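Asks: Produce the complete structure using the sequences and hints provided.
Mind the numbering: the sequence shown is residues -22 to -1, 1 to 519 in mature numbering (1 follows the signal peptide of the UniProt record, and there is no 0), read in order.
Note that these hints are calculated values from the structure, not bench results.
Honestly, I wouldn't trust all of these hints.
Simulated crosslink set (BS3-like; lysine-lysine; CA at most 25 Å straight-line) [stated by the list, open to error]: (1) K326 with K340; (2) K340 with K161; (3) K187 with K212; (4) K340 with K154; (5) K503 with K95; (6) K261 with K162; (7) K210 with K187; (8) K161 with K95; (9) K261 with K453; (10) K162 with K453; (11) K161 with K147; (12) K326 with K453; (13) K261 with K154; (14) K326 with K162; (15) K147 with K326.
None of these values were measured; they are calculated from a predicted model.
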Amino acid sequence: MPLNPAAFFLCTVLALFAIVRAEDPYRFFNWNVTYGDIYPLGVRQQGILINGQFPGPDIHSVTNDNLIINVFNSLTEPFLISWNGVQNRRNSFVDGVYGTTCPIPPGRNYTFMLQVKDQIGSFYYYPSLAFHKAAGGFGGIRILSRPRIPVPFDDPAGDYTVLIGDWYKSNHTTLKATLDRGKKLPFPDGVLINGRGPNGVSFTVEQGKTYRLRISNVGLQNSLNFRIQGHKMKLVEVEGTHTLQTTFSSLDVHVGQSYSVLVTADQPGQDYYIVVSTRFTSKILTTTGVLHYSNSAGPVSGPPPGGPTIQVDWSLNQARSIRTNLTASGPRPNPQGSYHYGMINTTKTIRLDSSAGQVNGKQRYGVNSVSFVPADTPLKLADYFNIEGVFRVGSISYNPTGGGLYLDTSVMGVDYRAFIEIVFENPEDIVQSWHLNGYSFFVVGMDGGQWTSGSRNQYNLRDAIARCTVQVYPKSWTAIFVALDNVGMWQLRSEFWARQYLGQQFYLRVYTSTNSIRDEYPIPKNARLCGWASGRHTRPL
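Replies: As structure tokens, this is what we get:
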């Protein structure tokens, strides 16, 4: 169904009036979301395409740009897109998850108005409803530094988005039905690179030049190892933070995470394997791409290089080696190390324990014994309009309860401008991955065993990496520090997609009693209203 130019123009005008910082540039995107046949593993299945593409088109932007993204839903069911790592400063209304934003009905459009305020780096977008992520609808996001802000490495000769992830041959509707019946998903069927199976994708390089690869794990549940035959990778950026430039032969990328590496084409001119394989699994899934030299004398040869498989200590040591480059500028000209997070006293400790079990005879997952159930109204709208009965602040504890798993619409209340410690505790035999929308946090510690107050003695209080997604190793813990400087309703979730779908998520309500545009933008004038918020009126700016 074609887009309505008049509707798009109207939404654009509303967006221009709704965003305060009119001096920052605008970038406009017009997306049509459709179903289409895809064959990523050689089997026809129903994919979700954006403007006919699988994966979807990249979003290219610069720090502080205003992004006006008009999304037309040509599917037969409601649809939403969320922005993994884009912080939506002071505007959780457009976060694109059901806890904050009404779905786009079939045959309708919605214009997202985002500002990549004070951000740089590599991220991605994804569909957040109905297990749509298993069908596609994702794509890369890159936020470049402003020209006057120095970057701690020379401009690369090329800049490539590399989306990796595990994949099923079954349609997303079949997978969703399995979960709705209370069953677990089987092991995935394969691994994709940019939506393609073995040797289905190629990146062309010129000998002697250096290239940037922005690698994101957009998969559903598996940690992946990324490597390039005969080449080293220099890590330079993690989810918006310039890193110490450490060289790796392979890199673990856990579900939901994004990394930037520099690769120099310094080998003899031929083709080389790019290899992605699953980690911590008894059965190893592997796929390949091709690093193609423009002066190539021949195709790839020999077996693809092997990588780590189930070694947890190897991965833990690599994770601990990833540090912030304290002298490099971030999105602003001041050095990243000028924010001395280790000298700030935390005001609260939140301990989060993953929960799994049966509720009413069906498989469920939770946090601190609560398995999240979506309300009939987005929580942010219910909060804004003071609609009672939709959720209750405090419906999830700040600490593990040790009780049995139960269902609730879990919302945890925290104060605006507090500086808190969150400890993720993993009693299971799998590697977990967690993401906090709207924020970047400092990964101050991770180790095996049970976390105690004495674990703080080993925290990195100087140059811990700041990011938005973090792994927790089996029977281990990971601790983060978060400055709660972004008012709103923010999802904290498992990046294992079946687990978040079956309740392993909750919302962090960052609250202030003041009603100032300095703290939070008003509800967008084009906001969709649904559930108990239907028919209400937004306040004028």
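Asks: Which hint numbers does the structure go against, in order from smallest to largest?
Replies: Failing hints, ascending: 1, 8, 14, 15.
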